[in-house]
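Participant: The chain contents come next:
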Amino acid sequence: MLSNAATSGKFIHTNFLARQKVKGDDKKDRKTSFKMITMGVIFMISCFMFVSTRICVLNTGYKISEAVKTQEKFLQENRKLKIERASLASPSRIEKIAKNKLGMITPKNNQVVILKW
Amino acid sequence: MVKLKNRSETINNIRVIGLLFIVFFFIIGFRGYSLQVLSADKLSKIIKKQTERNIELLPKRGTIYDRNGSELSVSIDVESLFARPHLIENKGLAAIKISRILGVSHKTILKKFKKNKGFVWIKRQIPPEDASKIKKLGIKGLDFTDESQRFYPNKELAAQMLGFVGDDPRGLEGIEYEYDSVLKGKSKFLAINRDALGRQLFVDGANTSEEVQGNDITLTIDKNIQYIAEKELQAAISLSKAKNGIAIVMEPATGKVLAMAVAPLFNPNQYKKYERKTWRNRAITDEFEPGSTFKTFLMASALEENIIKPKDIFFCENGSYRVANRVIHDTHPHGWLNATKILKYSSNIGVSKIARHLGSELFYQHIRKFGFGEETGVAFPSEANGSIPRPYHIPEHTRSAMAFGQGISVSPLQLAAAYSSIANGGLYMKPYFIEKISHPNGMVIQETTPQVLRRVVSERTARTVRNMLKTVVSKGGTGEKAKTASYHVAGKTGTSQKIDKELNTYSSEKLIASFAGFAPADDPAITVLVIIDEPEKMMSGGAIAAPTFSRIISQTLNYLHITPDKQPQYNYEKWREANNTAQRKNICG
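Protein sequence lines, in the order shown, are assigned to chains H and L. Here the first sequence is numbered in this note's numbering, starting from 247 and rising by one per residue. Here the second sequence is numbered in this note's numbering, starting from 1478 and rising by one per residue.
The following block holds chain H by itself, in its conformation from the complex (with noise of 0.2 Å):
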């Protein structure tokens, strides 16, 4: 019984070195769990992040892309809007309208009084 005791106890102490050693090896495994979930956590944190920025940048680079074609466009009009403003200044149109739509003439030299100051 004591034989059985002491065993027992032997193993009762055996037992608790392993529980006390098991207990070591949980708080460290546990560690190194936590480690590699926040690696992995942090891992898939960047990930998310790069992709979430070359996400980013493409749709930026969509709207760059939108705002040339705009401004390209606008850029045409201006042109359009320049050269219309060329051929409505040509001498001839504008001498035409002067004399026959506003009834203008050039003036004759008895018609002209120089001012000196």
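Certain hints may be false.
Stated by the list, open to error - Reference listing, derived: stretches of chain H covered by chain L, where coverage requires no fewer than 3 residues with Cβ under 8 Å from a Cβ of chain L:
| hint | region |
| --- | --- |
| 1 | 315-326 |
| 2 | 331-338 |
Claimed, not checked - Anything over 10 Å on all C-beta distances counts as not near chain L; from chain H, calculated:
| hint | residue |
| --- | --- |
| 3 | Lys273 |
| 4 | Ser279 |
| 5 | Phe294 |
| 6 | Asn346 |
| 7 | Val358 |
| 8 | Ile360 |
| 9 | Leu361 |
By construction, these hints were calculated from the structure, which means they are not laboratory data. This structure is a prediction, so every number in the text was calculated from the model and none was measured. The beta carbon of each residue, even a glycine, is placed where N, CA and C say it ideally should be.
Following the hints, position chain L against chain H.
Facilitator: Chain L in isolation, oriented as in the chain H frame:
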């Protein structure tokens, strides 16, 4: 016990998974290395093919401006239609639909559709309304691209000077041809990145439109003076039923060409509709016998060499004078005339005698100094040299004829530049019409400044000649019709016979009427040359060219705000203080 076992199993599992991860990352790493390093070149070529598209950007030609910054020649964007034949489903029907809009035979279009090519031009530079009609049809396999087309907003204005460009676009005439390399810019290939869906992606630095555009050119030409010159020249041509005409307006102090009109005009927007000969800028490329307008230079040379004085008299042989085996005639017979009157009445006999006094070699040297017989260097295609034979190469009667502008040939620009040197006090200014060349961003690349090439006569001689030329437009002078109501002018008429090619002699019917001069006579602001070729009516320089000169001078000086030196000037202060119109009328006489 079981719990313990489970735990160690879990730990082992985690280790295995961790190991798997490591292996997996190694595989990914290796794959990455293999893709990025080992097969980089091969793969980048494949990806480039799939995602990048190289488009050749046709360079946009620079703009040509007048001296006030008004556009004379611009590039506009138009659309060009192309096809990818393999994508077109019903080629026959598509060809019929397109042909109706473009006004091209459907067989021609169908032929293009049937070509075994990935890309075929259908029609380039089509009108915007036609482009929108085609777009509405929504035919798969047809697409548009922007191309540049040259447009001249002032139509005929300065057409021969500007020239025009072909479909390439490449300059074919005038400044467009001469300055093609400056205006056209450089072709660039633009790499456009596309995503998996074929959408265009922005590429940093892809917007290269400013870099490919050609440089701009600013001319010394003034749009309004050019219009005045062209309008008056056209009027003179229709009045005299002449073949063609030339008018040049120059600034004598600088050599700037303010206007260069050549009639008949043509519209460079539709140059193919006009005859080839109308495209040429005759003011630079052609040469003609200057006739009596050349007498001015004989007088200047003789005065410079102190051979004559304005009041020295010469016997003009009553209108007929034999030199060697030829007889020289005057239009009106004259007896004794002084040098000034020889110029005023334009006596051929008088100038022949002065030329003999001067000596042909000395005369030759002087006229070469005036720039005759060599290019002016204005950088224009096919500039004429003119022809001034050396005296010892020609017979005596031809040497005499040179004094009144026969037996030689000059270009209109040479003549205008030589008159400018009399007007500005004896300096030969290099004529030019390119004010500056600038980058599209406004940076000036090249600027022309007035250049004195040489002194041709002294200031005193130039002033004397100017005074002598004033008498030409006075009462009784050959150029009386050149005078204006507001400005004193000076100049010389010219009526030269043209060579009849069939008879190989001077024609009595084919003439060139001209007038060259400047105003205001005492302080010239502009030099004007008018040439009327083969007038059927009013067949003399004094009858047709002189009044045209007068109208160009008065309108141009008025436009340039040059104060008239002939009309009375009234006190502005008194005029302003006057209370009513009646008082103001009193002040102004």
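Participant: Closest CB-CB distance from Asn346 (chain H) to chain L, is it above 10 Å?
Facilitator: holds (15 Å)
Participant: Please confirm whether Leu361 (chain H) is truly not at the interface, meaning its C-beta sits more than 10 Å away from all C-beta atoms of chain L.
Facilitator: Label violated. Min Cβ-Cβ 4 Å, cutoff 10 Å.
Participant: Using Cβ atoms and 10 Å as the threshold, tell me whether Ser279 (chain H) really stays out of contact range of chain L.
Facilitator: violated (7 Å)
Participant: Is it correct that the beta-carbon of Val358 (chain H) has no partner in chain L closer than or equal to 10 Å?
Facilitator: It is violated; Val358 (chain H) is separated from chain L by about 7 Å at its closest Cβ, not greater than 10 Å.
Participant: When I compare C-beta atoms, does the region 331-338 of chain H have three or more residues closer than 8 Å to chain L?
Facilitator: holds (count 6)
Participant: Does the claim that Phe294 (chain H) lies outside the interface with chain L hold up, using a Cβ gap greater than 10 Å?
Facilitator: Holds: least Cβ distance 18 Å, greater than 10 Å.
Participant: In terms of Cβ atoms, is chain L entirely out of 10 Å range of Ile360 (chain H)?
Facilitator: Non-interface label fails for Ile360 (chain H): nearest chain L Cβ at 5 Å, not farther than 10 Å.
Participant: Using C-beta distances, would you say chain L covers the region 315-326 of chain H, given that this needs three or more residues below 8 Å?
Facilitator: That given contact holds, which follows from 4 residues of the region 315-326 of chain H lying within Cβ reach (below 8 Å) of chain L.
Participant: Verify this label for me: Lys273 (chain H) is non-interface relative to chain L, using a Cβ-Cβ cutoff of 10 Å.
Facilitator: holds (12 Å)
Of the numbered hints given earlier, the model fails hints 4, 7, 8, 9; all others are met.
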